[in-house]
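A.B. asks: Which chain is which? The protein sequence lines are A and B, in order. Here the first sequence is numbered in the numbering used here, starting from 1 and rising by one per residue. Here the second sequence is numbered in the numbering used here, starting from 1 and rising by one per residue.
Bear in mind the hints are in silico, worked out from the structure with no lab data behind them. As the structure is a computational prediction, the values presented were derived from the model and not from experiment. Honestly, I wouldn't trust all of these hints.
One-sided excerpt, in silico: chain B residues whose CB lies under 10 Å from chain A [said to hold, decoys possible]: (1) Ser-5; (2) Val-158; (3) Trp-241.
Capping the alpha-carbon separation at 30 Å, the derived lysine-lysine pairs in DSBU-like fashion look like this [as the list claims (entries may be wrong)]: (4) Lys-181(A) / Lys-125(B); (5) Lys-142(A) / Lys-278(B); (6) Lys-267(B) / Lys-277(B); (7) Lys-142(A) / Lys-339(B); (8) Lys-339(A) / Lys-94(A); (9) Lys-278(A) / Lys-142(B); (10) Lys-107(A) / Lys-284(A); (11) Lys-125(A) / Lys-94(B); (12) Lys-278(B) / Lys-267(B); (13) Lys-181(B) / Lys-94(B); (14) Lys-142(A) / Lys-314(B); (15) Lys-277(B) / Lys-231(B); (16) Lys-107(A) / Lys-142(A); (17) Lys-181(B) / Lys-314(B); (18) Lys-107(B) / Lys-267(B); (19) Lys-277(B) / Lys-284(A); (20) Lys-231(B) / Lys-63(B); (21) Lys-107(B) / Lys-107(A); (22) Lys-231(A) / Lys-267(A); (23) Lys-142(B) / Lys-107(A); (24) Lys-181(B) / Lys-142(A); (25) Lys-181(B) / Lys-231(B); (26) Lys-231(A) / Lys-277(A); (27) Lys-125(A) / Lys-342(A); (28) Lys-125(A) / Lys-142(A); (29) Lys-181(B) / Lys-125(A); (30) Lys-181(A) / Lys-94(B); (31) Lys-181(A) / Lys-339(A); (32) Lys-63(B) / Lys-107(B); (33) Lys-142(B) / Lys-181(B); (34) Lys-284(A) / Lys-125(B); (35) Lys-142(B) / Lys-277(A); (36) Lys-125(A) / Lys-181(A); (37) Lys-267(A) / Lys-142(B); (38) Lys-284(B) / Lys-142(A); (39) Lys-278(B) / Lys-94(B); (40) Lys-181(B) / Lys-277(B).
By construction, the Cβ of each residue, glycine as well, lies at the ideal position given by its N, Cα and C atoms.
2 protein chains.
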Amino acid sequence: MSDSSINPSEVDIVIAAINSDLTPFLNEWRPIFSPFHLIIVKDPDMDGELHVPEGFNVDVFTKSDINQMVGSSHSILFSGYSCRYFGYLVSRKKYIISIDDDCVPAKNNNGHIVDVVAQHIANLKAPATPFFFNTLYDPYQKGADFVRGYPFSLRSGVTCALSCGLWLNLADYDAPTQALKPEQRNSRYVDAVMTVPVRSLMPVSGINIAFDREVVGPALFPALRLSAEGKIRWETVEDIWSGMCVKVICDHLGIGVKTGIPYVWRKERGDAIESLKKEWEGVKLMEEVVPFFQSVRLPRSAVTAEDCVVDMAKAVKEQLGKVDPMFVRAGDAMADWVKLWKSVGSSTPGV
Amino acid sequence: MSDSSINPSEVDIVIAAINSDLTPFLNEWRPIFSPFHLIIVKDPDMDGELHVPEGFNVDVFTKSDINQMVGSSHSILFSGYSCRYFGYLVSRKKYIISIDDDCVPAKNNNGHIVDVVAQHIANLKAPATPFFFNTLYDPYQKGADFVRGYPFSLRSGVTCALSCGLWLNLADYDAPTQALKPEQRNSRYVDAVMTVPVRSLMPVSGINIAFDREVVGPALFPALRLSAEGKIRWETVEDIWSGMCVKVICDHLGIGVKTGIPYVWRKERGDAIESLKKEWEGVKLMEEVVPFFQSVRLPRSAVTAEDCVVDMAKAVKEQLGKVDPMFVRAGDAMADWVKLWKSVGSSTPGV
């Protein structure tokens with residue numbers, strides 16, 4: 001199942017354990033995940049025992065590991081869906097792949113199981129083309145190329161730092177959409193991956209994602225937390241917020257972000273009507289957040305992801321802080337994240 | 001076959017007759033095209049008689065019609081692939097669909113014939129979303145929606161003015177690519193249509209295209225002609241050039257451009273190695289053209305497509321004219337096109 005061209009020593013698979021029994025989840029993924037090292041982070045809010053099946057090369061991190069390593073930082077909370085970011089912090093691999101624990105392997109149009117690891121790594125290893133749109137999607141994939149009119153000077157592309165995968169069955173809709181269309185399921189398998197153009201913002205979903213940790217790792221963080229955030233994806237916006245930051249940072253650094261395949265099959269979880277009672281906060285915030293990210297410019301002096309996050313954190317506090325104190329906390333968390341990234345990265349041997 | 005929700009009185013199908021015998025072409029398209037009015041423009045360079053099969057509601061235009069209507073304009077040449085633009089000029093319909101005469105209907109992943117008219121019109125009638133990227137592609141299509149994090153204020157979208165379809169079998173590659181990969185055929189049917197984000201440029205191919213003539217008709221014109229242009233698609237750039245103009249104009253006017261489905265099945269035509277001897281001119285020009293279109297800004301006073309083309313023509317002559325006299329001619333042709341569009345549009349009853 002696994003692609004032999006991928007070096008397992010380059011890849012960590014990070015799983016945020018929201019469910020206490022990961023047995024069915026990991027058994028479904030076994031053919032794809034088993035050659036790789038897994039980092040499982042147990043939601044610190046989870047009281048029960050975590051069940052992980054035998055036969056994986058895995059390190060499990062719990063609340064006590066988080067407390068020990070992060071220590072006195074209060075701005076960054078690793079509870080709920082955000083616990084995965086602790087895994088990003090302790091990884092020492094070049095590539096990280098992270099999949100929500102309510103997702104199982106999807107099948108493509110030919111009925112074959114999608115190898116999410118192979119496809120994400122292929123997306124990250126092939127160049128991205130953010131500066132000109134190729135109508136035949138990824139020009140580097142087998143059987144494709146740049147179309148007539150594509151400038152030759154742009155055909156070598158740039159580094160791809162982030163690969164955003166998609167979802168069959170239950171798509172990543174917000175609570176209002178989910179509540180309005182409770183029967184809606186995504187059955188359209190679109191066999192394409194493409195670079196999201198420079199200066200085009202997108203909602204990055206953390207459900208099925210991969211990135212080059214060495215290049216953009218510091219730009220994926222849990223910073224924006226809704227006051228009523230719960231244990232259901234559509235009650236969170238931490239990935240959307242971080243996704244806006246990382247896209248602006250990639251644009252600034254001249255590197256690329258891709259979206260499309262691979263798909264995962266996402267199972268049911270949660271009651272949208274219940275969530276709707278508290279979800280509007282996140283929906284309303286986006287109206288402030290998007291114009292900010294569309295206009296924010298990073299200084300030329302910012303030449304690494306760390307630099308960019310520090311400058312972005314300042315801009316967030318200055319420009320959005322007056323709108324809502326939540327943004328002040330987000331800016332603080334971003335600045336603290338970079339400190340943490342540097343200290344954990346330099347002081348610990350990693351996993 | 002045809003979609004009953006489409007009003008045939010709103011649609012013209014424009015065919016540039018490069019082949020003298022359109023019988024096989026039109027017979028293949030009969031189930032899809034027959035409810036609609038066809039405008040066929042015979043390449044003025046073609047000497048032989050044009051064969052059009054019975055059973056279509058069709059108007060055929062020839063060299064003498066062109067000469068009579070266009071009169072003394074010398075800057076605009078309607079020969080070869082550019083003859084289709086004469087059809088755009090004489091149409092009085094809201095929507096125009098144009099397909100190259102070496103294309104036949106394609107089949108989708110389920111083996112069903114693609115109704116190119118229904119899909120293009122659906123693309124044009126549904127809003128476009130150029131200001132924020134939706135990872136699940138067209139949010140308005142059945143079974144899809146806006147994903148979590150998509151700003152609610154942008155979910156009503158904007159008018160879509162241009163729909164760019166794709167090609168199975170022989171894709172629209174340039175002569176160097178075609179010569180380098182003579183065996184390459186596109187077999188990947190990507191079941192998606194999406195809005196190309198604002199400020200992202202793309203190579204618009206004229207092979208399989210539809211547009212709202214009332215909104216952007218004046219911005220689709222034959223202006224850039226290579227000195228060695230022939231009767232093979234990859235020897236032309238007139239559509240690429242016009243496509244850059246129309247994208248910048250749509251961005252300026254706040255309207256959208258879509259790309260993706262519908263596909264057509266494109267047959268073989270031409271010898272890439274032969275074309276390669278003269279093709280490099282077009283390839284080299286793109287290196288000058290792309291930075292120009294990436295940076296050109298239209299004045300606020302330009303509020304219609306006509307206004308925009310006039311201002312764009314000026315900028316082309318001023319900024320690109322010194323690079324190559326071909327651009328001076330292109331700017332003149334654009335300015336003359338707007339005059340022609342206005343005079344033909346107001347003085348003749350149309351077809």
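A.B. asks: Confirm or reject each hint.
C.D. replies: These are the hints, each one checked on the structure:
{"no.": "1", "hint": "Ser-5", "in the structure": "violated, 21 Å"}
{"no.": "2", "hint": "Val-158", "in the structure": "violated, 15 Å"}
{"no.": "3", "hint": "Trp-241", "in the structure": "holds, 9 Å"}
{"no.": "4", "hint": "Lys-181(A) / Lys-125(B)", "in the structure": "holds, 23 Å"}
{"no.": "5", "hint": "Lys-142(A) / Lys-278(B)", "in the structure": "holds, 28 Å"}
{"no.": "6", "hint": "Lys-267(B) / Lys-277(B)", "in the structure": "holds, 22 Å"}
{"no.": "7", "hint": "Lys-142(A) / Lys-339(B)", "in the structure": "violated, 46 Å"}
{"no.": "8", "hint": "Lys-339(A) / Lys-94(A)", "in the structure": "holds, 20 Å"}
{"no.": "9", "hint": "Lys-278(A) / Lys-142(B)", "in the structure": "holds, 28 Å"}
{"no.": "10", "hint": "Lys-107(A) / Lys-284(A)", "in the structure": "violated, 35 Å"}
{"no.": "11", "hint": "Lys-125(A) / Lys-94(B)", "in the structure": "violated, 45 Å"}
{"no.": "12", "hint": "Lys-278(B) / Lys-267(B)", "in the structure": "holds, 22 Å"}
{"no.": "13", "hint": "Lys-181(B) / Lys-94(B)", "in the structure": "violated, 40 Å"}
{"no.": "14", "hint": "Lys-142(A) / Lys-314(B)", "in the structure": "violated, 42 Å"}
{"no.": "15", "hint": "Lys-277(B) / Lys-231(B)", "in the structure": "holds, 14 Å"}
{"no.": "16", "hint": "Lys-107(A) / Lys-142(A)", "in the structure": "holds, 20 Å"}
{"no.": "17", "hint": "Lys-181(B) / Lys-314(B)", "in the structure": "violated, 39 Å"}
{"no.": "18", "hint": "Lys-107(B) / Lys-267(B)", "in the structure": "holds, 14 Å"}
{"no.": "19", "hint": "Lys-277(B) / Lys-284(A)", "in the structure": "violated, 58 Å"}
{"no.": "20", "hint": "Lys-231(B) / Lys-63(B)", "in the structure": "holds, 16 Å"}
{"no.": "21", "hint": "Lys-107(B) / Lys-107(A)", "in the structure": "holds, 22 Å"}
{"no.": "22", "hint": "Lys-231(A) / Lys-267(A)", "in the structure": "holds, 15 Å"}
{"no.": "23", "hint": "Lys-142(B) / Lys-107(A)", "in the structure": "holds, 21 Å"}
{"no.": "24", "hint": "Lys-181(B) / Lys-142(A)", "in the structure": "holds, 12 Å"}
{"no.": "25", "hint": "Lys-181(B) / Lys-231(B)", "in the structure": "holds, 21 Å"}
{"no.": "26", "hint": "Lys-231(A) / Lys-277(A)", "in the structure": "holds, 14 Å"}
{"no.": "27", "hint": "Lys-125(A) / Lys-342(A)", "in the structure": "holds, 25 Å"}
{"no.": "28", "hint": "Lys-125(A) / Lys-142(A)", "in the structure": "holds, 14 Å"}
{"no.": "29", "hint": "Lys-181(B) / Lys-125(A)", "in the structure": "holds, 23 Å"}
{"no.": "30", "hint": "Lys-181(A) / Lys-94(B)", "in the structure": "violated, 34 Å"}
{"no.": "31", "hint": "Lys-181(A) / Lys-339(A)", "in the structure": "violated, 43 Å"}
{"no.": "32", "hint": "Lys-63(B) / Lys-107(B)", "in the structure": "violated, 35 Å"}
{"no.": "33", "hint": "Lys-142(B) / Lys-181(B)", "in the structure": "violated, 37 Å"}
{"no.": "34", "hint": "Lys-284(A) / Lys-125(B)", "in the structure": "holds, 29 Å"}
{"no.": "35", "hint": "Lys-142(B) / Lys-277(A)", "in the structure": "holds, 27 Å"}
{"no.": "36", "hint": "Lys-125(A) / Lys-181(A)", "in the structure": "violated, 37 Å"}
{"no.": "37", "hint": "Lys-267(A) / Lys-142(B)", "in the structure": "holds, 21 Å"}
{"no.": "38", "hint": "Lys-284(B) / Lys-142(A)", "in the structure": "holds, 26 Å"}
{"no.": "39", "hint": "Lys-278(B) / Lys-94(B)", "in the structure": "violated, 38 Å"}
{"no.": "40", "hint": "Lys-181(B) / Lys-277(B)", "in the structure": "holds, 16 Å"}
Of the hints listed earlier, those the structure fails to meet are numbers 1, 2, 7, 10, 11, 13, 14, 17, 19, 30, 31, 32, 33, 36 and 39, in rising order.
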